[in-house]
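Chains as they are written, first to last, in the numbering used here: chain Y, 1 to 620; chain B, 1 to 620.
Do not rely on the hints blindly, as some may be mistaken.
[To be verified] Simulated pairs of lysine to any residue, SDA-like, Cα-Cα distance not exceeding 20 Å:
#1 613/B <-> 290/Y
#2 346/Y <-> 381/B
#3 613/Y <-> 381/B
#4 170/B <-> 294/B
#5 401/B <-> 320/Y
#6 541/B <-> 268/Y
#7 615/B <-> 317/Y
[As the list claims (entries may be wrong)] Pairwise CB distance ranges, derived in the manner of DEER restraints:
#8 612/Y <-> 289/B: 17 to 27 Å
#9 558/Y <-> 254/B: 38 to 48 Å
#10 437/B <-> 89/Y: 20 to 30 Å
#11 362/Y <-> 232/B: 57 to 67 Å
#12 521/Y <-> 410/B: 23 to 33 Å
#13 522/Y <-> 104/B: 53 to 63 Å
[To be verified] Some chain Y residues flagged as far from chain B (calculated, every beta-carbon gap over 12 Å):
#14 87
#15 89
#16 90
#17 148
#18 165
#19 176
#20 233
#21 236
#22 257
#23 278
#24 538
#25 620
Since the hints were derived computationally from the structure, they do not count as laboratory data. No residue lacks a Cβ here, since even glycine has one placed at the ideal position from N, Cα and C.
2 protein chains.
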Amino acid sequence: QMPRGNLETVHHRALVLAQLRRWLDGLKFREAFECMRKLRINLNLIYDHNPKVFLENVETFITQLDSINHINLFLTELKEEDTTCTMYPRPESSPPQSQAVSGQKKVDIVCDALRKALEAMDANKFCLSILTSHVKKTVPELEIALQKVHELREKPPETPGAASAEEALKYLLFLVNVNDLYEHSLGTYDFDLVLMVAEKSQKDPKEYLPFLNMLKSLEPNYQRYTIDKHLKRYRKALVHLSKSGEEHFIEVLQLVKEQKLFSEALRLYTADSPQYKLVSSAYAEHLVGQQQAEQAGLLLWRCGEPVRALQAFTSCSSWRNAICVAQQIPLPPDQLALLARDLAEKLTEQRRYSEAALLLDQYAKDCEEAILALITGAVWEEALRLIYVHNRQDITETNLKPALLEAVNSQTGFLEAQVATFNRHRSRLAVVREQKEKARLDMLDEEGPDCPDAELYSEASSVLTASKYSQSNSRISSRSSKNRRKAERKKLSLKEGSPMEDRALMHALSEIITTVDKMREEIHSLLKALVLFQFDKQAGKLQLAYEEALQTMEGAVPEVWPEGLLSSNAPVTGPNSTANSIMASFQQQQQKPAASQPDPEIPTAPKMRNGVKWKLTILK
Amino acid sequence: QMPRGNLETVHHRALVLAQLRRWLDGLKFREAFECMRKLRINLNLIYDHNPKVFLENVETFITQLDSINHINLFLTELKEEDTTCTMYPRPESSPPQSQAVSGQKKVDIVCDALRKALEAMDANKFCLSILTSHVKKTVPELEIALQKVHELREKPPETPGAASAEEALKYLLFLVNVNDLYEHSLGTYDFDLVLMVAEKSQKDPKEYLPFLNMLKSLEPNYQRYTIDKHLKRYRKALVHLSKSGEEHFIEVLQLVKEQKLFSEALRLYTADSPQYKLVSSAYAEHLVGQQQAEQAGLLLWRCGEPVRALQAFTSCSSWRNAICVAQQIPLPPDQLALLARDLAEKLTEQRRYSEAALLLDQYAKDCEEAILALITGAVWEEALRLIYVHNRQDITETNLKPALLEAVNSQTGFLEAQVATFNRHRSRLAVVREQKEKARLDMLDEEGPDCPDAELYSEASSVLTASKYSQSNSRISSRSSKNRRKAERKKLSLKEGSPMEDRALMHALSEIITTVDKMREEIHSLLKALVLFQFDKQAGKLQLAYEEALQTMEGAVPEVWPEGLLSSNAPVTGPNSTANSIMASFQQQQQKPAASQPDPEIPTAPKMRNGVKWKLTILK
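If we strip away everything but chain Y, and leave its shape as in the complex, we get:
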């Protein structure tokens, strides 16, 4: 159809749409279709107007159009877009249309519904439309379309007027890029089909015939593997290759490694086969490279490679697994002891003293080292347990007691330092807040409501600073929020006068509180050990110091995190505000684009675990 002159298309669109809606509501699809084609109205509307009704009347639609071309036109114009939301909004009075089917895509729904109806009515007659419905799906079903063409060729339809294989293929080539079609025909592993497509295409037979002949000469599974690989369908390639005989296993391994199809490969072999073992080994090697040594160890262990499993487990301090594998091998006692010492050393470096002690005690049979590890780790009760198990009360005097006294001192010193930093930050925060509030009110007051600079002083200001986060008080930092915090820290600086100094201070205060609060269990067990050895005086002092620290911090929370802090952008009202400042801040708030701030969030008040009882009654 040629484009028409402009004049001819001048219609009042609202009137036209109203008429179309009436036709569609009355199932007069033909009238609607003709009109839309003439006035170039998007054909999607036929479906979008009322999906449910359309799907229930697909046959009527086909019967009324009664034209393969028209049906194809409708199919090819299908788009995911809902035209009643975009081009042709519904009149406000009409009730909202409920979507017929959810989850599936619209184009797929319509293609499938039409094809089902077409096949039921006359598969031969509507052959080309059926092909179109395959090709137009979100993920085009080219193989199925090709298969149908192939069937036409095998069994030419007897009905007069039905499309021949020739015509159908031509039509497909009109719809789809020829190379795509060729590749997909290869993907059916049907050489007749491939040849048929190749012949219709403008491809050079000298190019494709040798390739096809080579393929034909191969063992069927290996042939399919070769095709899959050519089409970059590596998963399928792996499946076919694995079926093509043991002599190709080296290729399997190569493919698996190249394409990292380890998990898929494992599923293709039984756990007791040599192939399974080889794939597992390769996978393990890959995992070790990915810092996943523990999982590598599990694979190696279960496929019967204990020595390599031991290596993997040892490398990542997965000590329980390492020791089990070692006993399975079995390692001779002296080597097991060496292994235990080796693992214990690594664990000690990671401050996992209890586990190190277990290894030293039970596998290296060195109770003295074990007890010392526990003392170093401040695991007092367990240290005492081992002392009694091995009847080594001498260590109590030589090591345990001195370590207890040292621990009191270091904990007391640590608490003092934390409290001092805390108080310094807290005072500074009060100063910074006062300055900010004053600056903001001044600005609002002097320059009136439209002053854009006032924003700079609001809590939500997004001024960046490049200076480094200069302070870290957390001895124990939880890994989980580490990365997020790291990113935020870059914006927060405790340097006096930095734009986000208040938040940096809140952040630092929050960290101190969390750190000190986390000490409850540690202090509790230290106090008990001190009491047991009659160090009541030292214990009493520590208890007092810790209690005061906790009280200081708990008492500061309402000041550092006042109620309503998060809504600090609410209009400024108060004794120091003026009519101007209130209106200005109110307007600012509305002008501010929502969710435009990539700022570090305002740190929330840390929760103190007051439920964790740590105090000793006997030290009051």
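Since the structure of chain Y is already known, use the hints to place chain B on it.
For chain B alone, coordinates are given in the frame of chain Y:
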């Protein structure tokens, strides 16, 4: 001085105060004092006007007044109140006075400063004023005052005009209640002083003489103890009693128990004395009654009562201590094994499976039970370790593998239930919020800005509901915040239509997220164990289910806890608001008294520990 007629006191107060301030600034204390006395102006102003200047010029003040009576008048009128803040505010123009000394109380500061000056100038002459300065202190120093009277009697002053002991005592009795003075005289343990006071009082000698004679007959420490006890000064009583000889130790114990002075008593005896042991025993008994059995055990252990210590430790599952004491006793092996089993059973009840297993393995020598405890507790790696230590691979087949498969099923089921509840609450929350918002806007719109009912629909509404909190999703509940939450729950009901339903839903959603998030470690170790035994399919399903659950919850957070939720009382603006509704909500906000809501706080978004890696690469 008689009160004067009204007419005479009519002065313009501002003028008078201005004059007084000028006098005080000019150190004209006499003029100021006279004027204030005449016009009944509170004498505290003399100090309050400028504390620093007053303290620097105490001698001048005394010299100018030059009257014991006047000084006494000033002292007796002293109050903690700062009159420049209350009765006589400073004129606005004057600079704020910096407080001279902080920490100490004003009355004490003035009394001490005056006394120091008086004693330096003429202790005899100002005797009565000095006594007043002792008596007027926040905690009256009656003993010191009495002591001074006593000194006067011993060494009568030779200066003419100086007060005699007689006069001084009379004056004291005028200032202080006679019974108080008598009791305090007893407290000096000085019978001369007691008699002196008793004679001056109207007490009946038949009443006090026998008591005093009885006291005199006692051993000095026991005498003091009797007096202390009479005066209810139990700590002092304990100290004196402990010094009064071993024959009174039964009384010591009685006093300690009655007055719960255990810690104090322990400090009075050396750790190796029999008294120390007896006090410790008594203390331990008391502590057990206070649910502090572990601390009781520590006291008993260190004072050499291991059998009773063992009992205390066992009763509170303090198993490491119990086992140590048992080995110290030493318990014969079969009894130690029984003890270990007993403790293990208690620990199992508390879901402390690893510890139970250690006891069963190392002390009860029952590796099978130990391994089963670990399997029950889903401590897979440790179970496997013991299996290898004791070469009991048979248990892997009979118990470990079936338990793993059961664990997958129960975890999958649990996750499904959590996700279902989560989605139900989430949908319901959306409905409730929409209803609330609609109701609020309707109300604001219809009834205009002054409608008080609109408040009911705001987030901060404080309507209470008596219905029970009907749902608990937390398998694992942290003790720390338990009590606080319990109180809040009473206000929160998930029942449809309850006034706080939205918060109850947020609370429930938050708990589900926390519960599911806490499963990371558990799921990780289960997945590893499953992989080791080739249960890849089951592990894969569980990994997928858990990942979907986490994604569902993480995805819901921005919807359930939208940004700016806490400031939901900010003026309502948006497509559905009208000028009326905006102004109404804005006004409401200002009318609302700050911090008047004892409401449960809006639950904050739980933090998900995305840093805890739980997924296995090999299961993707």
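Hints, verified against the model:
no.	hint	result
1	613/B <-> 290/Y	holds (14 Å)
2	346/Y <-> 381/B	holds (19 Å)
3	613/Y <-> 381/B	violated (31 Å)
4	170/B <-> 294/B	violated (57 Å)
5	401/B <-> 320/Y	holds (18 Å)
6	541/B <-> 268/Y	holds (18 Å)
7	615/B <-> 317/Y	holds (18 Å)
8	612/Y <-> 289/B: 17 to 27 Å	holds (23 Å)
9	558/Y <-> 254/B: 38 to 48 Å	holds (46 Å)
10	437/B <-> 89/Y: 20 to 30 Å	holds (26 Å)
11	362/Y <-> 232/B: 57 to 67 Å	holds (59 Å)
12	521/Y <-> 410/B: 23 to 33 Å	holds (30 Å)
13	522/Y <-> 104/B: 53 to 63 Å	violated (37 Å)
14	87	holds (23 Å)
15	89	holds (17 Å)
16	90	holds (19 Å)
17	148	holds (36 Å)
18	165	holds (44 Å)
19	176	holds (33 Å)
20	233	holds (19 Å)
21	236	holds (19 Å)
22	257	holds (15 Å)
23	278	holds (16 Å)
24	538	holds (14 Å)
25	620	violated (6 Å)
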